[in-house]
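Here the protein sequences line up with chains L and Y, keeping their order. Letter by letter, the first sequence follows residues 7 to 144 in our numbering. Letter by letter, the second sequence follows residues 4 to 168 in our numbering.
Heads up, some of the hints might be wrong.
Some residues of chain L that are not near chain Y, with every Cβ distance over 12 Å (derived) [said to hold, decoys possible]: (1) Lys60; (2) Ala68; (3) Ala69; (4) Asn78; (5) Gly90; (6) Thr105; (7) Phe118; (8) Asn120; (9) Asn121.
27 Å max Cα-Cα, derived DSSO-like pairs, lysine-lysine [stated by the list, open to error]: (10) L:Lys142 x Y:Lys124; (11) L:Lys111 x L:Lys134; (12) L:Lys142 x Y:Lys153.
If you are wondering where the hints come from, they were derived from the structure by calculation, not from laboratory data. Owing to the predicted nature of the structure, the values given are computational and were not obtained by experimental measurement. Cβ coordinates follow ideal geometry from the N, Cα and C atoms, glycine included.
Given next are the chains, with one letter for each unit.
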Amino acid sequence: MRSLGENKLKNKRGNILTENIIFIILNLVFLSILIVFLVSKMSAAAVLEEMHAKQIALMISAAEPGMTIHLNMENAINIAKKEGINSGDVVTIKENVVTVKLREKGGYSYSFFNNVDARPNFDTSTNKGYFFVVDKNE
Amino acid sequence: MNKKGDKLISVYWFAILFIVAGGIVYMVSAFYGKPYDVRGAEADILTTKIARCVSEAGYLKEGVLAEDFKNNLMESCVINFQAEDVYDWREQGQYYVEVEFLDFDTKQKIFEISEGNQGLKLDCGLEGEGFPVCVERSLYSIDENGNQYKINILSIVRKTEKNVQ
Chain L
7 MRSLGENKLK NKRGNILTEN IIFIILNLVF LSILIVFLVS KMSAAAVLEE MHAKQIALMI
67 SAAEPGMTIH LNMENAINIA KKEGINSGDV VTIKENVVTV KLREKGGYSY SFFNNVDARP
127 NFDTSTNKGY FFVVDKNE
Chain Y
4 MNKKGDKLIS VYWFAILFIV AGGIVYMVSA FYGKPYDVRG AEADILTTKI ARCVSEAGYL
64 KEGVLAEDFK NNLMESCVIN FQAEDVYDWR EQGQYYVEVE FLDFDTKQKI FEISEGNQGL
124 KLDCGLEGEG FPVCVERSLY SIDENGNQYK INILSIVRKT EKNVQ
């Protein structure tokens with residue numbers, strides 16, 4: 007037979023353990039939500055659209071006719087696939103305006119000042135990026 | 004007493020956690036909510052392009068001093084200042100470039116070529132994100148007769164709406 011004191015001590019230990027576990031779980035849940043928020047912000051389609059459109063526009067502005075430039079766009083292409091956008095339609099160039107589209111109701115455009123003929127070609131060997139062929143504007 | 008104290012610490016712990024998380028959420032939202040400002044890089048590239056167009060390896064390129072070059076800077080340097088058709092950008096003009104040729108010894112201006120929206124020049128030197136970005140560079144060059152030139156290039160890019168919140 008256990009004494010009254012021993013039972014009280016055991017109950018107290020049980021309470022402390024349960025409280026600590028709940029406390030740790032709540033902390034983990036809280037931190038997980040925070041991390042999910044950060045990751046979702048960092049890899050948001052709108053952010054990637056803007057980033058890649060500006061990056062490509064600057065790249066073409068600085069390019070010379072005859073150059074072929076490869077750009078890794080793995081993250082953007084993965085998002086486009088999830089959103090149901092064809093990988094070959096992610097980047098379009100009309101006149102001197104680059105448009106990157108990763109969502110059905112989205113897209114970001116930015117212009118470049120280099121008067122060249124730039125053509126985007128999806129890299130079918132890796133499915134991770136685009137080749138940009140820069141030629142003289144006829 | 005101890006148990007009460009523990010609970011009190013937990014409440015404070017969560018309060019601190021919420022404050023820290025709130026701070027992180029605010030900072031991340033502020034950072035990713037702002038557009039990337041690439042105007043500085045764009046103006047730098049434009050300046051480099053103009054510099055390469057007028058001078059190569061320290062020598063003035065052939066035809067730079069000719070009237071044809073002065074009248075057709077855009078064609079000669081393969082530049083197109085037509086921006087995308089948003090925020091009235093096409094009507095306003097989002098770029099300006101000015102190239103000054105000075106005598107290297109006397110510093111007297113020989114001639115000047117400019118293209119784009121001249122009004123943007125007025126905003127150069129003003130502090131604040133809402134103004135156009137101006138990049139000014141100088142280079143030294145000589146022509147085939149050995150005449151020395153100082154070339155000042157001023158490039159301005161506006162595009163404020165897509166680069167500043």
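Status of each hint after checking the structure:
{"no.": "1", "hint": "Lys60", "result": "violated, 5 Å"}
{"no.": "2", "hint": "Ala68", "result": "violated, 5 Å"}
{"no.": "3", "hint": "Ala69", "result": "violated, 10 Å"}
{"no.": "4", "hint": "Asn78", "result": "holds, 18 Å"}
{"no.": "5", "hint": "Gly90", "result": "holds, 24 Å"}
{"no.": "6", "hint": "Thr105", "result": "violated, 9 Å"}
{"no.": "7", "hint": "Phe118", "result": "violated, 8 Å"}
{"no.": "8", "hint": "Asn120", "result": "violated, 7 Å"}
{"no.": "9", "hint": "Asn121", "result": "violated, 4 Å"}
{"no.": "10", "hint": "L:Lys142 x Y:Lys124", "result": "violated, 30 Å"}
{"no.": "11", "hint": "L:Lys111 x L:Lys134", "result": "holds, 23 Å"}
{"no.": "12", "hint": "L:Lys142 x Y:Lys153", "result": "violated, 30 Å"}
Hints 1, 2, 3, 6, 7, 8, 9, 10 and 12 from the list above are not met by this structure, while the remaining hints are.
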